Amino acid sequence: MSITRRLAMLFHIKTNKMLDRAEDPREVLDYSYERQMEMLTQLRRGLADVATSRKRLDLQATQLQDSVDRLGDQARQAVAAGSDGLAREALTRRQAAQAQLADLAQQRESLIAEQDKLTLGAQRLEAKIEVFRTRKETIKATYTAAEAQTRINEAVSGISEEMGDVGMAMQRAEDRTAQMTARAGALDDLLASGALEDATRPAGRDDIQARLDALTTGDSVERDLAALKAGTALPAPPEPKAITDRADRRERPS
Amino acid sequence: MIVRILGEGQYDVPPVALDELNVHDDAVQEAADAGDEGAFTAALASLLDTVRARGTALDASALVPSELILPAPDAPMAEVQAMLGDEGLIPG
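Quick mapping for you: the protein sequence lines, in order, are chains A and B.
If you number the first sequence the way the UniProt record's numbering does, the last residue is 254 and the count never jumps.
If you number the second sequence the way the UniProt record's numbering does, the last residue is 92 and the count never jumps.
Don't take every hint at face value.
[What the hints assert, rightly or not] Over 12 Å on every C-beta distance to chain A, these chain B residues come out as not near it, computed from the model:
(1) Pro-14
(2) Pro-15
(3) Val-16
(4) Ala-17
(5) Gly-38
(6) Ala-42
(7) Arg-52
(8) Ala-53
(9) Arg-54
(10) Thr-56
[Said to hold, decoys possible] Label pairs and their in silico Cβ distance ranges:
(11) B:Glu-30 x A:Arg-133: 42 to 48 Å
(12) A:Asp-58 x B:Asp-49: 33 to 39 Å
(13) A:Tyr-143 x B:Asp-49: 40 to 46 Å
(14) B:Ser-46 x A:Ser-193: 46 to 52 Å
(15) B:Arg-52 x A:Asp-84: 56 to 62 Å
Since the hints were made in silico from the structure, they are not lab data.
Note that the coordinates shown come from a computational prediction; the quantities given were computed from them, not determined experimentally.
No residue lacks a Cβ here, since even glycine has one placed at the ideal position from N, Cα and C.
Extracted from the complex, chain A is given alone in its bound form (with noise of 0.2 Å):
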């Protein structure tokens, strides 16, 4: 049997086991809605949760957006300075926060399409649970064993796959936010440590480590010393505009 035929049947496997179970089956209409009551509280829930995350990491690429802008602020005082080896310092803390800013536009992207996902699914539900709700009640009204049988088979299975699909929806927007949070978290703890602030302080690392670093990040830091020396602009951050709202981080006090 094909994939997609095995699929239907697994979502239809535990509607026949709940009709079964109950001896009369407008039991299973009123269960069946209570259980769709409980999944939409719990899908607004859901929603919430990735909304807070959201804001979350836009929160932090303005932080982030603010160390670039003031690194190279940084990097620029201090070639006019004379000082090349505090210069290379701001810019190759600029550019960790560039990467990082570029890895949250990323993160940002695939957490608003599972939103738009879930909040499709949640109006797809809604609207299914309306029509449930009437029919209940028409079914009820007018029960008569033989007839109702087969209504309530059908209303029951039609809402349960929908539930089904839509948990599916929550599962993986649960999952991502999740992942987003632990990784909102490590970046908060980086933000905090001053690494990608401020290149007056001291970064927090040891030298074996900004060594380490040199290697991979000095040959792109050695072309924008360059590049500032031959009085051009710094190359741009990858999305910076995607990302934060330059106006109202203007507006903020500072």
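Please arrange chain B on chain A, whose structure you already have, making use of the hints.
Below, chain B alone, put in the same frame as chain A:
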């Protein structure tokens, strides 16, 4: 025939499109059996495209079970196989 695309909704596909649907459905199955992720993704995309092109999207308030349930376009092969292997993966 009512077909659901997971994460997307339900479509009503007319009987004339069934042969076409079955060709793509078989390709999905073969790719999964062969463990070929690339072929699986491509076959799944063709199957989903056929459903969207030939079928009519059902209203969100429609309350009918589906005969076929198709994985979401971005579902990795492993996830689909896990779903088939364990009904506990499907909540609701």
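Hint by hint, here is what the structure shows:
1. The non-interface label for Pro-14 (chain B) is consistent with chain A: the shortest C-beta to C-beta separation is roughly 17 Å, beyond 12 Å.
2. The Cβ of Pro-15 (chain B) sits about 16 Å from the closest Cβ of chain A, beyond the 12 Å cut-off, so the non-interface label holds.
3. Here Val-16 (chain B) stays apart from chain A, with its beta-carbon at least about 18 Å from theirs, past the 12 Å limit.
4. Its beta-carbon lying about 14 Å from the closest one in chain A, Ala-17 (chain B) satisfies the requirement of being farther than 12 Å from that chain.
5. With a least CB separation of 17 Å from chain A, Gly-38 (chain B) remains clear of the 12 Å interface cut-off, as annotated.
6. With a cut of 12 Å on Cβ distances, Ala-42 (chain B) stays outside the contact zone with chain A, its closest approach being about 15 Å.
7. Even its closest Cβ contact with chain A, about 15 Å, leaves Arg-52 (chain B) beyond 12 Å, as expected for a residue assigned away from the interface.
8. Under the 12 Å C-beta cut-off, the non-interface status given to Ala-53 (chain B) relative to chain A holds; the minimum distance is some 17 Å.
9. Taking the minimum C-beta to C-beta distance to chain A, about 15 Å, the non-interface status of Arg-54 (chain B) holds against the 12 Å cut.
10. A cut-off of 12 Å between C-beta atoms confirms that Thr-56 (chain B) is not in contact with chain A; the least separation is 16 Å.
11. The hint said 42 to 48 Å for the Cβ distance between Glu-30 (chain B) and Arg-133 (chain A), and at roughly 43 Å that hint holds.
12. Between Asp-58 (chain A) and Asp-49 (chain B) the C-beta distance comes to about 35 Å, which sits within the given range of 33 to 39 Å.
13. A beta carbon spacing of about 44 Å between Tyr-143 (chain A) and Asp-49 (chain B) agrees with the range 40 to 46 Å that was offered as a hint.
14. The beta-carbon spacing between Ser-46 (chain B) and Ser-193 (chain A), approximately 50 Å, falls within the hinted interval of 46 to 52 Å.
15. Here the CB-CB span from Arg-52 (chain B) to Asp-84 (chain A) is close to 59 Å, well matched to the stated 56 to 62 Å.
Taken one by one, the earlier hints all hold for this structure without exception.
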